[in-house]
Amino acid sequence: MAPSSAARKGVSKHQDDLAGRLLAWYDAHHRELPWRIGPAELAAGAMPDPYHVWLSEIMLQQTTVEAVKPYFRKFLEKWPTVADLAAADADDVMKAWAGLGYYSRARNLKKCADFVASELEGAFPGSEDGLRELPGVGAYTAAAIAAIAFGRRASVMDGNVERVMSRLFEIRTPLPSAKPEIRALLDGLVPEDRPGDFAQAMMDLGATVCTPKRPRCMLCPLREDCRAIVAGDPELLPVKGKKIEKPQRRGAAYVAVRKDGAILLRKRPDEGLLGGMSEVPTTGWTARVDGDTGVEAAPFAADWRHRGSVAHVFTHFTLELTVYRADIGSLATPAGHWWSPISAVHDEALPTVMKKAIESAIPGATKRRH
DNA sequence: TAAGCGTGGAG
DNA sequence: TCTCCAAGCTT
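Letter by letter, the first sequence follows residues -13 to 356 of this note's numbering.
Hints listed in this document are in silico derivations from the structure and should not be mistaken for laboratory results. Treat the hints with care, since some could be wrong.
As the list claims (entries may be wrong) - Straight line, CA to CA, 27 Å or less: simulated DSSO-like cross-link-like pairs of lysine-lysine:
(1) K253 to K81
(2) K64 to K341
(3) K245 to K199
(4) K55 to K199
(5) K232 to K60
(6) K226 to K245
(7) K341 to K245
(8) K229 to K245
(9) K64 to K353
(10) K199 to K165
(11) K81 to K245
(12) K353 to K253
(13) K64 to K97
(14) K353 to K55
(15) K97 to K55
(16) K341 to K81
(17) K81 to K97
(18) K81 to K60
(19) K165 to K228
(20) K81 to K353
(21) K229 to K199
(22) K342 to K55
(23) K81 to K64
(24) K165 to K245
(25) K341 to K253
(26) K60 to K253
(27) K199 to K226
Note that the coordinates shown come from a computational prediction; the quantities given were computed from them, not determined experimentally.
Given the sequences, and given the hints that come with them, work out the whole structure.
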């Protein structure tokens, strides 16, 4: 048997009980997820594939479990190993990621796969420090992979954990200032045994019981220890910083349609908003600058017709895109552009805002064709 | 440290 | 409709 974590210096019996109660709850109430090895299988000696853990953790950054599931399955089907992903074409990876958002994750995913395959013989580092060096892997993700995939004792602190901890210890310091305080307390809770299950238990608890709104405190295995319950206002924790009002930006999108139904596309620069993704020609709307919204700003002369507008919300601004369509008889393909056959549009690396614009001009165009 | 970076679901 | 926010990272 592994020594009790209570034997660790400075760890009280009470804290050890707390981890034990959480793990017991996890054994009975954990979520079953495509990338997860459940506690029973883990106890029986099964080990997660680090590639699966890494892929899921990158996808789950600021993204809901339900949104990730189909993408995770698709990626594993297309690229079963990190070597397969390294061998893949970068544009194909962007296409497969399209719709999931935060596209720098996809670019870093490919960089990371290339590095692991070429420099590390396909084996992910097992230590937090080693993992932290990988592109797209920050403090949270390094700790999560170390704990979940390699059984290392690591303090895994994400939004769920911040919420659970701030309530458990009634921390009223606003986030993100409270992070060092939360981390210090978390360090004292992580057990020597089952650190991966402990991390996932904290996150499951935050996702299903200790929720942002209307927490189900009656179901919580830690309710006896929770200082926020005593204080009477768990729902008001954690305290968060001020929110900034989103500016409204405007621009125009131009959907050129060839006689055979093909659509004119181009690729966005690798850096910045929607970096590396494809788009229909647009005015130069960015995070800071409004674009033109009229037909006079079209990329080339054609019979442009106004087809409506689409609204889209980004992280830090909202966009209203005026959509024009022109049916093209004859046109020299502009440099850096290509005609995407109507049957292929579904599989292009089109972010959601671009699919909306295309749908506005050509209803059904971005749906799968047979 | 703060800003930039997507999308969709819940309440 | 609107606000919040979900397994954060990079610069």
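Against the structure, the hints:
Pair hint K253 plus K81 holds up; C-alpha atoms about 12 Å apart against a cutoff of 27 Å. Under the criterion of a C-alpha separation no larger than 27 Å, the hint pairing K64 with K341 is consistent with the structure, at around 23 Å. Only pairs whose Cα atoms come within 27 Å are accepted, and K245 paired with K199 is rejected, the gap being roughly 52 Å. In summary, the hint linking K55 to K199 is supported, as the alpha carbons are separated by about 24 Å, within the 27 Å threshold.
Simply put, K232 and K60 have alpha-carbon atoms about 34 Å apart, too far for the 27 Å limit, and the pair is violated. For the proposed pair K226 and K245, the alpha carbon gap of about 53 Å is over 27 Å, so the pair is violated. Between K341 and K245 the CA atoms are separated by roughly 20 Å; this keeps the pair inside 27 Å, and the hint holds. Proposed proximity of K229 and K245 is contradicted: the alpha carbons are some 48 Å apart, above 27 Å.
Using a Cα cut-off of 27 Å, the hinted pair K64 and K353 holds, with the two alpha carbons roughly 20 Å apart. Simply put, K199 and K165 have alpha-carbon atoms about 21 Å apart, close enough for the 27 Å limit, and the pair holds. Under the criterion of a C-alpha separation no larger than 27 Å, the hint pairing K81 with K245 is consistent with the structure, at around 25 Å. Simply put, K353 and K253 have alpha-carbon atoms about 20 Å apart, close enough for the 27 Å limit, and the pair holds.
Among the hinted pairs, K64 with K97 is consistent with the structure: their alpha-carbon atoms are about 17 Å apart, no more than 27 Å. Note on K353 and K55: the hinted pairing holds, with a Cα-Cα distance of about 20 Å set against a maximum of 27 Å. With a C-alpha separation of about 22 Å, the suggested pairing of K97 with K55 holds against the 27 Å cut-off. For the hint linking K341 to K81, the alpha-carbon distance of about 13 Å falls within 27 Å, and the restraint holds.
Restraint check for K81 and K97: the C-alpha separation of about 16 Å stays at or below 27 Å, so the hint holds. At most 27 Å may separate the alpha-carbon atoms for a hinted pair to count; K81 and K60 meet this at roughly 11 Å. Proposed proximity of K165 and K228 is supported: the alpha carbons are some 16 Å apart, at most 27 Å. About 14 Å separates the Cα atoms of K81 and K353, which keeps this hinted pair within 27 Å; it holds.
Under the criterion of a C-alpha separation no larger than 27 Å, the hint pairing K229 with K199 is consistent with the structure, at around 18 Å. The straight-line distance between the Cα atoms of K342 and K55 is roughly 23 Å, inside the 27 Å bound, and the hint therefore holds. Proximity of K81 to K64 is assessed by CA-CA distance (about 12 Å); at most 27 Å being required, the pair is judged to hold. Proposed proximity of K165 and K245 is contradicted: the alpha carbons are some 57 Å apart, above 27 Å.
For the suggested pair K341 and K253, the alpha carbons sit about 14 Å apart, so the restraint of at most 27 Å is met. Proximity of K60 to K253 is assessed by CA-CA distance (about 23 Å); at most 27 Å being required, the pair is judged to hold. Of the supplied pair hints, the one linking K199 and K226 holds, its CA atoms being roughly 14 Å apart against a limit of 27 Å.
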